[in-house]
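*Asks:* Sequence:
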Amino acid sequence: MLENVSVVDTMHSVLWRKVYENEIIEHFRGINFVESCLQILVEFCNEKKYQTFLQPNLPLSVLERRSEFEVRAHKTGDVQLSPAVETVLPPPTAGLVTALADVLNNVSAFKSCPVESWNDQGVYRVLLRCASWRCDDNAESNRVRAATCRALEAAATRKCVRASLAATKDCLVNLLHVLTSDEQVDGDETSARAQTFQLFACLLSERSAIDSVWSELRRTSYERSELREREATPFFHLLTRSLESADDELSDAATHCLTQLTKSALNRKHADKSIDVSLADFFNDLRLENEQALKSNRSGAGDADRGDGCQPEYVCEELCKLLIYRVQDIFDKKKCLASQDEAWASVCSCLSHLLSVSSRGRLYGVHRQLPRLLLAAVQAVRDQLSLLGKPVDVIRNANHDPVLQTLYWLLTIMNCLMLECPHAKDSFADNITCSLNKLWPWCMMTEQLRGAILHLLVTFTNECPKAWACMCACVGGRSLMSELCALVGRSSSLLLLSLRILRQCVSHHHCRAIILKSEVLACMGKAWRGAGGAAGAQCAWARLCSALARHPDGGGALLALPALRPAHARLLPALAYAAHHHRAAFLHAPDLLELLSATLLTGNTADVVLAARAVWALAANNHRAKLVLRSAGVTSAVQSAMQRVQRDKAGASSSLQALQLLTYTNSVLQAM
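Its first residue numbered 0, the sequence shown is counted upward by one per residue in numbering that gives the first Met the number 0.
For the record, the hints were derived by calculation from the structure and aren't laboratory data.
Mixed in with the good hints, there may be bad ones.
[Claimed, not checked] Straight line, CA to CA, 25 Å or less: simulated SDA-like cross-link-like pairs of lysine to any residue:
1. K389 x S490
2. K158 x H255
3. K437 x G476
4. K332 x E248
5. K389 x M443
6. K332 x Q383
7. K332 x R371
8. K437 x C473
9. K332 x S385
10. K334 x L387
11. K333 x G388
12. K525 x G535
13. K110 x Q120
14. K333 x L387
15. K158 x I24
Construct all of the structure, not just a fragment, from the sequences and the given hints.
*Replies:* Rendered as structure tokens:
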């Protein structure tokens with residue numbers, strides 16, 4: 000009964016709120032609120048002065064009796080008729096614009112608010128122009144900027160408003176100049192800076208805003224450095240000071256802005272969808288200003304005192320240092336429950352994006368002993384979870400558990416720190432095995448953690464022999480490689496990541512032995528029998544086969560697998576490698592010889608090259624193999640392929656290479 004009453008009260012409250020919002024919107028339409036706002040904002044931007052003009056002084060009903068009043072005025076003189084009077088209208092004040100911005104901010108929260116219509120009328124573009132307004136009274140201009148940026152941020156949650164604001168390059172540049180021009184810091188200035196950072200963070204999801212902001216930052220940097228070396232722009236100088244600020248609002252806003260700024264540099268692409276690294280390189284090479292560098296004393300690697308000794312030379316290193324300190328402070332304060340701190344997720348996200356975009360930042364993080372800090376934090380989380388018992392018995396709502404949320408961000412930072420950074424991988428390899436093995440069951444509890452640990456292992460095992468040794472190390476009867484092999488057969492959503500990790504570890508003989516003894520080959524056979532599933536999965540399986548076939552034991556296991564017969568064209572790279580190590584098994588497989596012959600006759604240039612490589616490996620220095628290949632029709636297929644490549648695609652570099660290989664293979668086959 001009480002539940003029904005509560006539901007009714009909730010529905011009544013929602014209905015009342017909706018009616019109330021609709022009444023306000025209708026009232027705004029009735030009084031032409033938007034048109035009045037536009038007029039006020041335009042006059043404010045144009046700095047309109049006091050003006051004298053004629054204003055109607057009589058209602059229309061009185062004007063209709065004008066002749067009657069004029070007669071009475073002429074006879075008695077007691078009535079004076081003046082249809083219009085001179086009026087002096089003051090210009091809009093900063094307080095009025097601030098109040099309008101607050102109204103727009105509050106109304107934007109209404110579900111029925113016609114934000115798209117107001118955007119089409121240009122309200123938000125003019126409001127953005129007002130945000131860069133300046134006057135002699137800094138406090139007044141700061142209040143205007145804070146209110147307008149707050150209203151614009153609320154409206155910019157809509158895609159149309161965001162795109163419209165991002166396209167106004169001159170307003171964004173002016174706002175950037177205003178943001179970096181004030182040196183005096185007070186309460187109003189702090190709030191204005193925080194709101195401006197939040198607005199830029201919101202707009203940096205649009206390509207046009209990214210181009211405008213970064214081009215201005217680059218132009219300012221070149222001007223200041225006089226084309227000799229890139230020094231930090233005032234914007235980055237302000238950003239570092241804001242991150243150090245004791246004001247939580249300003250520090251959080253600067254963190255959010257830096258996250259979006261580094262994210263925009265990381266995700267920038269050319270028109271052909273290739274990655275554009277120009278912004279990342281520019282950010283990576285920005286040097287600290289001389290005065291800022293002198294004031295920024297750092298501790299050496301491993302020193303307990305933060306204010307002693309060495310100092311970074313680049314902006315990315317300075318920002319990395321500040322974020323490392325914040326992460327360390329939050330974790331030291333709340334330990335495994337660090338995710339309960341409001342700033343934890345934003346600071347970790349910011350540090351992750353910064354490490355992803357900056358190679359100098361990653362090296363500086365290793366120098367600052369960030370791997371040791373992260374490993375200690377992960378070990379603390381591991382010990383905390385081990386006290387709770389088994390995962391399924393303790394955590395019923397794992398997606399919202401604070402300890403697991405803390406673990407997720409620690410794994411994410413570790414992953415970003417190891418991107419293309421061998422020094423970081425070597426630092427982690429010494430002590431990461433035990434923690435990851437014991438945390439594996441906990442990481443399998445949520446989709447978020449499963450993705451985090453697999454992405455970490457993809458980065459960790461990429462061209463790192465120490466990581467391969469860690470993968471096959473056994474801790475408590477469990478190794479990461481055996482767990483991955485088991486995961487291949489259980490999870491389809493994580494199949495591509497799992498196969499990539501296995502492929503990267505195949506070069507290690509212990510890892511390869513675990514793969515060949517596990518159920519991975521059986522899963523591979525099921526995948527091929529079931530047409531391989533999605534095209535991406537087929538390619539991933541084929542690449543794993545190719546990596547295994549580079550080694551004698553892997554090639555032999557593949558050729559002995561019945562499920563891979565008849566052989567698929569995607570297995571040509573693997574067959575080309577297997578032919579080098581297992582000539583006898585290959586020559587006794589008619590289906591494989593038939594695949595080579597068919598590929599030479601009908602395949603594209605790339606497949607023809609792979610088939611020719613396999614034929615050459617089989618025929619080289621072996622008279623019996625040449626006879627078998629001739630009887631299977633492979634020799635005539637090589638000659639036909641030579642003629643087809645020479646006729647169809649003469650002149651192309653790939654075709655010339657294919658023709659060269661086919662000619663050499665044919666000469667080997669003809670030599671008896």
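*Asks:* Evaluate each hint against the coordinates.
*Replies:* Results for each hint:
1. At roughly 21 Å between alpha-carbon atoms, K389 and S490 fall within 25 Å of each other, so this suggested pair holds.
2. With a CA separation close to 19 Å, the supplied pair K158 and H255 stays within the 25 Å bound.
3. For the suggested pair K437 and G476, the alpha carbons sit about 10 Å apart, so the restraint of at most 25 Å is met.
4. The straight-line distance between the Cα atoms of K332 and E248 is roughly 20 Å, inside the 25 Å bound, and the hint therefore holds.
5. Restraint check for K389 and M443: the C-alpha separation of about 12 Å stays at or below 25 Å, so the hint holds.
6. At roughly 15 Å between alpha-carbon atoms, K332 and Q383 fall within 25 Å of each other, so this suggested pair holds.
7. Of the supplied pair hints, the one linking K332 and R371 holds, its CA atoms being roughly 18 Å apart against a limit of 25 Å.
8. For the given pair, K437 sits about 11 Å from C473 by alpha-carbon distance, which is consistent with the 25 Å threshold.
9. For the hint linking K332 to S385, the alpha-carbon distance of about 21 Å falls within 25 Å, and the restraint holds.
10. Proposed proximity of K334 and L387 is supported: the alpha carbons are some 16 Å apart, at most 25 Å.
11. For the hint pairing K333 with G388, the CA-to-CA distance comes to about 21 Å; that is within 25 Å, so the pair holds.
12. With a CA separation close to 16 Å, the supplied pair K525 and G535 stays within the 25 Å bound.
13. For the hint linking K110 to Q120, the alpha-carbon distance of about 19 Å falls within 25 Å, and the restraint holds.
14. This hinted pair checks out: K333 and L387 have alpha carbons roughly 18 Å apart, not beyond 25 Å.
15. Among the hinted pairs, K158 with I24 is consistent with the structure: their alpha-carbon atoms are about 21 Å apart, no more than 25 Å.
Consistency note: the structure conflicts with none of the earlier hints.
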